[in-house]
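Chains D and Y, in that order, are what the protein sequence lines are.
The working numbering numbers the first residue of the first sequence as 10 and each following residue consecutively.
The working numbering numbers the first residue of the second sequence as 8 and each following residue consecutively.
Heads up, some of the hints might be wrong.
Once the Cα atoms are required to be at most 30 angstroms apart in a straight line, the calculated DSS-like pairs of lysine-lysine come out as [stated by the list, open to error]:
#: 1; chain 1: Y; residue 1: K151; chain 2: D; residue 2: K169
#: 2; chain 1: D; residue 1: K165; chain 2: Y; residue 2: K269
#: 3; chain 1: D; residue 1: K31; chain 2: Y; residue 2: K111
I should point out that these hints are in silico values taken from the structure, not numbers from a laboratory.
Being a predicted model, the structure only gives us computed values, none of them experimental.
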Amino acid sequence: MKVALQGRELAVDHSFAAEIRKRTGENVFLCYQCRKCSSGCPVRSWMNGSPAELMRFAQMGLAQEAMESKAIWYCASCLTCSVRCPAGIDIAHVVDAMRMMAVEQKVPAQGAPMRLLNRLWMVILRFSGRMYEMGLVGTLNSLNRTPFKDMGLGAKLIAKGKLNLLPHPSRPFEVMRLFNRARARPEGARSRPLPERAERKQ
Amino acid sequence: MKVGYYPGCSLHSTGREYDISTRKVTAALGIELEEVKNWVCCGSSPAHQADEMVSLALPALNLAILKEENGLNEVVAPCASCYSRLRNAQSRAEDDDTRHEMEKVSGRKFPRDVRILHAIDLVLVKTGLEGLKKKVVRKLNGLKVVCYYGCLITRPPKVTGVKDYEVPQSMESILEVAGAEPLDWNMRTACCGASLALTSTEVVRELTGKIMADAASVGAEAVAVGCPLCHSNLDTRQGLNGAAPIPVFYFTELLGIAMGMKPGELGISRHLTDATGILDKRGLK
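So here's chain D without its partners, still in its complex pose (with noise of 0.2 angstroms):
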């Protein structure tokens, strides 16, 4: 089948969708483009596209499109268009695993900083155990050539108590040690679906 996509003519490739149902379970064919995933996002006006747009570029297999899109980056995860799509999908689970792979295929963030900051979230969560907010913020800021965001509010926390200024480190080594066996998987064992799909239609 071929669709035209902006007056391009793309061959439909199934492959986005097949690899998108095996991380999450989800069947992004379900979608019949209701919307109510879009006219309930909070962050739709930021995303130029929307969560729908998002379900159709996986039916058409345009995986860089959907990697590419401001959607995937500025969506907050807050799980609306997940509990009232009537076709059961759990779309935020569908855009976390369309972040993975364009992180894995190293496809550039449009927008949002948002990739940067679960990256260094990671990496102090695999060092430390716990998080380090000052240490996440500052870094995070510095990177993003924002290096005075926020830094009176900051000030205001700490003077409140409620910034720690040092890191508390919690089980570092158990908690690396958990990093390292789940990288070290083999591929396509990353996620299955969740049991007993049929009592989501209620």
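Use these hints to put chain Y onto chain D, whose structure you have.
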């Protein structure tokens, strides 16, 4: 009555007063909290966005620690994100293959019989509204409050088991017993923008602005929350668009006040948007 306590990273930093008030209120209700021994971060949103197996194995590790090292079967996670990640791991572990993977990666046996509660559930399940009524020594004098649940206390219902997930009422029922007047409003389960506060602050400013505007439009004098990130976003991003500030309380702080505690000992002075003024006005010093 001993229950495991998983504060999570936020309650040790930006949500410190939630930690303080939860401990004080549960102690007064006769619930003994025992902190999960050397708990580790649940991974929160960045983990499920970056590495699915890590996001399942970290909660699995914490639940295993609770079971093996604390010897407990129940845990309360007051942070909505921690609660959600723990519950999510539990529901995913119902699948045998996924559970075996989680056990391999976390290096511990997954305890299948742990009951995971949010702080709201803890009060409702362990004390109940009748029991709570007996502990309330001073009514909140009809303080007009709107209850803000945010995303993860109720969603997704297949994981949290909440039935009225679009219009939840559990926090309202608790605060009503405490003598507050919960108002009906539209933004109970709207999203505050969560961690976009760090990366795209304009999103959070607009979303929290809408939430606070709705609270003001129904005449709320206070907002009650049960999530440290919601609190942080609502409390610290006010006063930028010229609207009159509305204090944001953790529901545990309001419970503590109703149980006769002083705002100072509950950590209420740590808020950035002044919250002691309205309490003084109501004679709740």
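Notebook entry, point to check: Taking only the CA atoms, is the gap from K31(D) to K111(Y) under or equal to 30 angstroms?
Noted result: It holds: about 20 angstroms lies between the C-alpha atoms, which stays within 30 angstroms.
Item checked: Holds or violated: K165(D) to K269(Y), with C-alpha atoms at most 30 angstroms apart -> 23 angstroms, holds
Note to self: Tell me if the straight-line CA distance from K151(Y) to K169(D) falls inside 30 angstroms.
What the structure shows: With Cα atoms ~27 angstroms apart, K151(Y) and K169(D) stay inside 30 angstroms; holds.
Checked against the numbered hints listed earlier, the structure breaks none of them; every hint is satisfied.
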